[in-house]
Amino acid sequence: MTLVDEIRKVAKQYPESKSAILPALRLAQQQYGRLSREALEQVGEALDLTPAYCMSVASFYDMLHLEPVGTHAVEVCTNVCCGLVNAQAVLEAFELELGVAPGETTGDGEITLRAVECLGGCSTPTIVAVDHRYRQSVTPDDVPAIVRELRSGG
Amino acid sequence: MLVLAGAEEQPLRDLDSYRAVGGYVQLERARAQEPQQVIAELIESNLRGRGGAFFPTGRKASFIPTPDKVAKPVYITVNADESEPGTFKDREIMLRVPHRLIEGCLIAAHAIQSRFVFIYIRGEYSTEYDVLKAALDEARAAGLLGDVTMVIHRGAGAYICGEETALLSSLEGERGQPRSKPPFPAIEGLYAAPTLINNVETITTIPKVLELGPAEYAKTGAPPDSTGTRLFCLSGNVARPGVYELPHGVTTRHLIEEVGGGVPDGRSLKAVMMGGSSFPVMTPDDLDTKLDANSLSQKGYFIGSGVVCVLDDRTCMVQFALRVGQFYMHESCGKCTPCRVGTRWLVQMLRAVENGTASESDLDLALDVCDRIIGKCLCVLGDSDAMIVASCVTKFRDEFRAHLEHGGCPFGHDSSLDRLFAPSDQHDLAPVAHEVRV
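Note that the protein sequences, when read in sequence, are chains H and L. Heads up: the first sequence runs through residues 1 to 154, numbered per our numbering. Heads up: the second sequence runs through residues 1001 to 1438, numbered per our numbering.
Only chain L is shown next, with the shape it has when bound in the complex (with noise of 0.2 Å):
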């Protein structure tokens, strides 16, 4: 354990507690250095990010011009809107090791020469808040911050805020809605600053990358490209769910049978929803396939934000595919035409499979508006409905023709996901609210 080591049984919460297992060490050896020393050995250990992109975190760093060749501020915002469906890892953290999470936030700002730290910490998360709020204050007291403001920013509720660009206009106090890129925010992000913007996990992960030594550390995991460890996020129908740092590399097996106890009540795995609800979803005849980027890749897989979440063969693959879409059609910003649209497409299609009112052509038409969208829109979010879509369309393609065939679903009311109700399909019953007309 790297990220969440000394707090394996007891949350570090307290900076006493943080400090008896070497907190702020780093931070002060850091400042010690020169700057681009710092991001040199972030470069060496070949961290990289955790949010779901998996860039290389030292380079994204150096992107960051010097304060000599820049006029404005540069800033450092961390995200800490974590949504994705089945991400429950950065809320761990910032329960469990608050102030490695400020320590790793106050290297970044040496490496960069940064004075201002955000963190957008989603709007639902107020425990959260609260012990980052606390460790912060606490932090401040003892003079760690020395010339840097940190603020912790709330959102409001809105998935696509993790969207790195959306993130700034909601920061920047705007609707939130992506931008396009380039420019990139390490040229122009917050106020039209340089902005690096890191994942919690990732920049959590900094301290222990220089406790260890670059070198080190890049030895650890699945190397080149898959170093040190990952907080997997174990959930659906296995034995023991919950977040498990585990070094990059072990197979999907080992993590939901070894460590996650298999699937409970005989039942067997269907599908894995691997890296997040953004991602092709996993058969299990690649149940062997290691956990780290390459050997997911290889197979058409991504890591994205460490979701593993497994289904049983209750599971309906059409009510599967219906509900992450009724997620994506209620997240979209609207700023995009095929996003905007598309999901809407993709919501009706299936739901006519559902129903078993859809003809075969609807399944290759619903394909087809997957190709429409990707790659189209300013940002990946209709990307992602279209790529977990097309996968269980393709990859469950008999069972989408079952219900054609059996004229509604051949679950009956069996499935797992049978009933189950979106927050899309309130927004129909919501009254309009006459009387707050501006």
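Chain H extracted, bound-state conformation (with noise of 0.2 Å):
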């Protein structure tokens, strides 16, 4: 099924086709690796609303990326929450480990490391969100294993 047709499909679901926007800008994130031009005009396409329509709603969430990112996602809960209990070590161990900043990826355009508001884990800290998945109670010594896991191809 090409994209056009799967965001159609799932466009179904609503009274209103234009509600289907979030899910249709994730599936095209998912395909393209982040919401390209070419990638907008396609939802546009399959919901009939302007690539700068799509564009301005993709630009108004952190999930949806509009600049090239990474293969890989580590996402370090950064709040309150999670830093009376050392965040900063965790994100700290993960900068030194993949040589970025927060916010910026990899040279070989694999991982991109970002710090989060809170993502509701606050009872294990620090979350760490690999790929979209929470890791809990991570500690600055469960960083290498990380980065090796997703360097392997994990």
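Where hints are given, some of them may not hold.
Here are the simulated DSS-like pairs of lysine-lysine, each with C-alpha atoms no more than 30 Å apart in a straight line [stated by the list, open to error]:
(1) H/K18 <-> L/K1335
(2) L/K1069 <-> L/K1335
(3) L/K1133 <-> H/K12
(4) L/K1069 <-> L/K1181
(5) H/K9 <-> L/K1133
(6) H/K18 <-> L/K1181
Covered, in the sense of this in silico footprint (three residues per stretch, anywhere, with C-beta under 8 Å from a C-beta of chain H), are these stretches of chain L [as the list claims (entries may be wrong)]:
(7) 1072–1084
(8) 1146–1157
(9) 1164–1175
(10) 1234–1240
(11) 1292–1306
(12) 1319–1325
(13) 1409–1421
It is worth saying that the hints were derived from the structure and are not from the lab. Small disclaimer: the values here were computed from a predicted structure and weren't measured. For glycine and all other residues, C-beta sits at the position ideal for the given N, C-alpha and C.
Using the hints, build the complex out of the two chains.
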């Protein structure tokens, strides 16, 4: 099934097809790696919206990326609940291991490191979302193994 | 335990295990009743919203016009966009009792005679989505949905979409910006049709309200106003953090010390982020306050979404206020000027205090900015920032002043929040994506 067909199928769930823009952008991002001009045009075509409108919506949401991002995402919660029990050390361990600052992608385009707001896992700090799956109670000692796992195509 | 009943040891993820604890029996019972009767039971139980506003659930449902009074379909939207810092209870519900949430939705759909339910789940919740989706598919295959269409709609990372009108904007396919109220969603909500919006915990409580009977439920917790249980989200500097379902009316001290094992490492409790990051912080002298809406409000606190995040004496309160302020600045949707500009000013002022470059009058200026945000926007995002920041400045003024006298943070680098990086800072680092201009 083409991306346009897939989006149109999702849109059938909703009384108005415009409601499908978030699932559509998610699907397009999965396929293109990010919301490139081409990706936005596909979403627009499927939902009968302009690419500019799709871009205006996409730019509102943190999980949607207009700019290039890595194949893998490492997202460290740095809100206060994790911060109280040393999320900063976890983030810094990732910075050291990956050689990038938060918000940046490794030179080989593999891994993007981000600090993110509360992920809702405050009883098992520090929460790190690795490719959008939560790792709980992460400590700086766990960081090298997580990076190794991603580097080996995990 | 009511909401998590039966899931103490093992999650009740599949239909059979949920049926084994009486699952979907109340749905059958409710469907045999007149819709008005179900609403009457909810009103009698005095169940109130668990998302933060604590509005009576039955009354809210009663605002929805009946089908003979309105030409449009009516909708139910479940707010599963749990993003308030320190809140992690709805996630627990979706992972442990997904079918109870679905049963609650179907009972509510019968009560307001709706055939469309949308569950708006925050985008980051991947496993929770999978579990809920599997439960929904199972319920659908078992014919439990009847003529109700239920859609799980995934957000994409925006705290503001937990605000009910922003949630509706987002669900309609727009940027998630709040709208003015009135009209309230019960009259003009999704697609400008009457819409009932409830939090996950509220909806999931409904089957248990019917099971106990409204009169019996109304006696639990701290009646008459704070009936039933609450999923408290205990976190921070506490020995045993977690989600604890307890009746309304236990004391804050009991939750932290008895249930949570107290503050570890021989430290002492300095403050509690109470209700969520949107409300005034609690000081140790108020620890005996009962966790119910009335007891808390008498002391100027809010029960919010059940957050109890413990801050020990290593916490610099300026850093705390700054980090919370950075959160609100990052999440402000930008629609209303007092919030868009005010949240940024507060961050700038708090940073100057932390660096010791502010003056005493800046503390009053910060409080003045807070005053100029509160009540002046379409939604309460800016108010939330103003309330918690103002409470920190007021209650810990000596500590703020010490920063000014010391010419910087008196904790040196010993505060537990030292060097805490905020996501808003990486926007400055992000490259401008020139090639994607459409």
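Hint check results:
1. H/K18 <-> L/K1335: holds, 21 Å
2. L/K1069 <-> L/K1335: violated, 34 Å
3. L/K1133 <-> H/K12: holds, 17 Å
4. L/K1069 <-> L/K1181: holds, 21 Å
5. H/K9 <-> L/K1133: holds, 17 Å
6. H/K18 <-> L/K1181: Holds: H/K18 and L/K1181 sit about 23 Å apart, inside 30 Å.
7. 1072–1084: holds (count 4)
8. 1146–1157: holds (count 7)
9. 1164–1175: Satisfied; 6 residues make the cut.
10. 1234–1240: holds (count 4)
11. 1292–1306: The restraint on the segment 1292–1306 of chain L is violated, since only 0 of its residues have a Cβ under 8 Å from chain H and three are required.
12. 1319–1325: holds (count 3)
13. 1409–1421: holds (count 6)
Hints 2 and 11 from the earlier list are contradicted by this structure; the remaining hints agree with it.
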